[in-house]
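Kindly generate the complete structure, drawing on both the sequences and the hints.
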Amino acid sequence: MPERLSKARRLVVKIGSALLVDEATGAIRRDWFESLAADIAACRKRGQEVMIVSSGSIALGRKRLGFARGLLKLEESQAAAATGQIQLAHAYEEALARHGITVAQILLTLDDTEQRRRYLNARSTLNMLLRQGAVPVINENDTVATSEIRYGDNDRLAGRVAQMTGADCLVLLSDVDGLYDADPNGNPDAAIIPEVREITREIEAMAGTTRSDYGTGGMVTKLKAGKIALAAGCHMVIADGHRMNPLAAVQGGGPCTWFVPGGNPRTARKQWIAGTLEPSGSLTIDDGAVKALAAGKSLLPAGVTAVEGRFDRGEAVIVRDAAGTEVGRGLCAYASADARRIMGYKSREIEGLLGYRGRDEMIHRDDLVMA
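Numbered according to this note's numbering, the sequence shown spans residues 1 to 371.
Take the hints with a grain of salt, since some may be wrong.
Stated by the list, open to error - DEER-style ranges, computed between Cβ atoms:
hint: 1; residue 1: Leu71; residue 2: Lys227; range: 25 to 35 Å
hint: 2; residue 1: Lys227; residue 2: Ala371; range: 22 to 32 Å
hint: 3; residue 1: Gly70; residue 2: Asn185; range: 16 to 26 Å
hint: 4; residue 1: Thr200; residue 2: Arg365; range: 31 to 41 Å
hint: 5; residue 1: Glu278; residue 2: Ala24; range: 48 to 58 Å
As the list claims (entries may be wrong) - In silico SDA-like pairs for lysine to any residue, Cα to Cα no more than 25 Å straight-line:
hint: 6; residue 1: Lys73; residue 2: Thr83
hint: 7; residue 1: Lys63; residue 2: Lys45
hint: 8; residue 1: Lys270; residue 2: Asp111
hint: 9; residue 1: Lys224; residue 2: Pro261
hint: 10; residue 1: Lys270; residue 2: Arg359
hint: 11; residue 1: Lys63; residue 2: Thr125
hint: 12; residue 1: Lys227; residue 2: Pro188
hint: 13; residue 1: Lys227; residue 2: Ala295
hint: 14; residue 1: Lys7; residue 2: Pro194
hint: 15; residue 1: Lys346; residue 2: Ala295
hint: 16; residue 1: Lys297; residue 2: Leu354
hint: 17; residue 1: Lys7; residue 2: Gly47
hint: 18; residue 1: Lys227; residue 2: Met164
hint: 19; residue 1: Lys7; residue 2: Lys270
hint: 20; residue 1: Lys297; residue 2: Ser124
hint: 21; residue 1: Lys297; residue 2: Thr125
hint: 22; residue 1: Lys63; residue 2: Gln87
hint: 23; residue 1: Lys297; residue 2: Asp366
hint: 24; residue 1: Lys45; residue 2: His242
hint: 25; residue 1: Lys73; residue 2: Glu23
hint: 26; residue 1: Lys270; residue 2: Asp367
hint: 27; residue 1: Lys73; residue 2: Thr109
hint: 28; residue 1: Lys291; residue 2: His242
hint: 29; residue 1: Lys270; residue 2: Ser124
hint: 30; residue 1: Lys291; residue 2: Gly344
hint: 31; residue 1: Lys270; residue 2: Lys297
hint: 32; residue 1: Lys227; residue 2: Ser124
hint: 33; residue 1: Lys227; residue 2: Arg117
hint: 34; residue 1: Lys63; residue 2: Ser124
The set of hints was computed from the structure by calculation and includes no laboratory data.
Note that the structure is a prediction, hence the values are computed from the model and not measured.
We put the beta carbon where it would ideally sit given N, CA and C, even for glycine.
So, in C-alpha cells, the structure goes:
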C-alpha cells in the first residue's frame, strides 16, 4: 500500500489546522511545515503532480484579530479567514519557493464544485496549473461562503478536489494515525484498521463525532471524503500528520488506514459518463470520425455533421454515426449553440468562428465512452 503514494500520478494532500498551527501561539509550526515542503518537493522530483488542500486560515487569523478560544460565529470566522488566508498563502509560497516550486492559491465554495459551469472552470484552472508545474494550494472560501454553500470541513473538499481532477491518491494528514475499531482514547485494546475496501455501516459506526476548537472535522468527515474518493477510483489514506516529513512516513510504511477503490480514476469516470449522466443532446459524425474514435482518438469539430438538442458546455451527449446508430457517449466541450457554429471546421478555425479559443476537441477522448 505505501507504494500507492509514491506511484500516484496525481496526488491530493489535505493538511488540518491542528497540524499547521501551534495552538498556544497561533503561529505556523515552522519546522514541521518545512519538512512537509521537503516531502512535496520530493513528490515533484518523482514527476508527481501535487495539490494541497490546506486548512489554517481561520486558526491563523483569529489570533491576529484577538478572538477568544472556542467556536466562532460565522462572521467572526469569515473575518479571521480574510486575515489568515494571506499568512497561509505567503507561508506556502515561501516554503516551496526554496525548492523552486511555484504556488497558486485557489479558494472554492460548495457551489464551485456542484454547479456544472463553475465546476468545469475550477477543474480547467487546476489542470492548467498542474500542467505548468505549479502546486495549487486550495482552501474553502470562508470569507464569502454562507452556511448554505459551505463544506464546513476540508476533508470533503479534498475528496471533491480529488474527484474533479481525477487524482490517483488522496492523503488526509490528521491528528490520528488512522481508523480504529474502537475509540483509542477510551479503549486500550482498540486496533487500527489497515485497509478498507468498502465504507459500510459498521465502518461508519467506528467514526465517532470528534471536533476541536481549531478544526471542524473528525473521522466522520474523513469517511465522507473516503466515499467520494472511492467512488472516483481514488485511493485514500488517513495518517498521523504530526510526524516530521509526514508523507515520507506514510511512504515508509508508518501506521495508517488505506481506503482501496475497486477501479482507477479513469475507469470510474468512464462508468459515470456511460451509466449515470442523462444525455442532453447528440452529435452526428462522419465515417472518418467514427474510425478515429474507434482508434482511441478525440472527436474534432471537423468530423461533426449535425448537432441535436440544447446543452451546456460539459454536459453529456450521444455520439451517432451517419446511420443514426449510437457509437458512444461523452462530455461536449462546447455548448450546443457554439458546437453548431464550429461543426465541420478545423480546430484552428475555432477562434475566428467563436471569438475565443476553446478546446481543440469537441469531445476529448478522456471524456468519451465508446458503445
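Keeping to a limit of 25 Å between CA atoms, is the pair of Lys7 and Pro194 held or broken? holds (19 Å)
Within 25 Å, alpha carbon to alpha carbon, are Lys73 and Thr109? holds (18 Å)
Restraint check for Lys63 with Thr125, where alpha carbons must lie at most 25 Å apart: Given that 25 Å is the threshold and the Cα spacing comes to 32 Å, the pair is violated.
Within a Cα-Cα threshold of 25 Å, do Lys227 and Ser124 meet the stated pairing? holds (24 Å)
Are the Cα positions of Lys73 and Thr83 separated by 25 Å at most? Holds: Lys73 and Thr83 sit about 16 Å apart, inside 25 Å.
Given the hint that Lys73 pairs with Glu23, test it: the Cα-Cα distance must not exceed 25 Å. Measuring from Cα to Cα gives roughly 19 Å; hence the hint holds.
Holds or violated: Lys291 to His242, with C-alpha atoms at most 25 Å apart: Outside the cut-off at roughly 54 Å; violated.
Kindly confirm whether 31 to 41 Å is satisfied by the beta carbon distance between Thr200 and Arg365. holds (35 Å)
Tell me if the straight-line CA distance from Lys7 to Lys270 falls inside 25 Å. Roughly 22 Å between the alpha carbons, so the hint for Lys7 and Lys270 holds.
Does the alpha-carbon distance linking Lys63 and Ser124 stay inside the 25 Å limit? violated (35 Å)
Distance restraint between Lys227 and Met164, which requires alpha-carbon spacing of 25 Å or less: Given that 25 Å is the threshold and the Cα spacing comes to 14 Å, the pair holds.
Please check whether Lys227 and Ala371 have a Cβ separation lying inside 22 to 32 Å. Roughly 29 Å apart at Cβ, these two residues keep to the hinted range, so it holds.
The earlier numbered hints that this structure contradicts are 7, 11, 12, 13, 28, 34.
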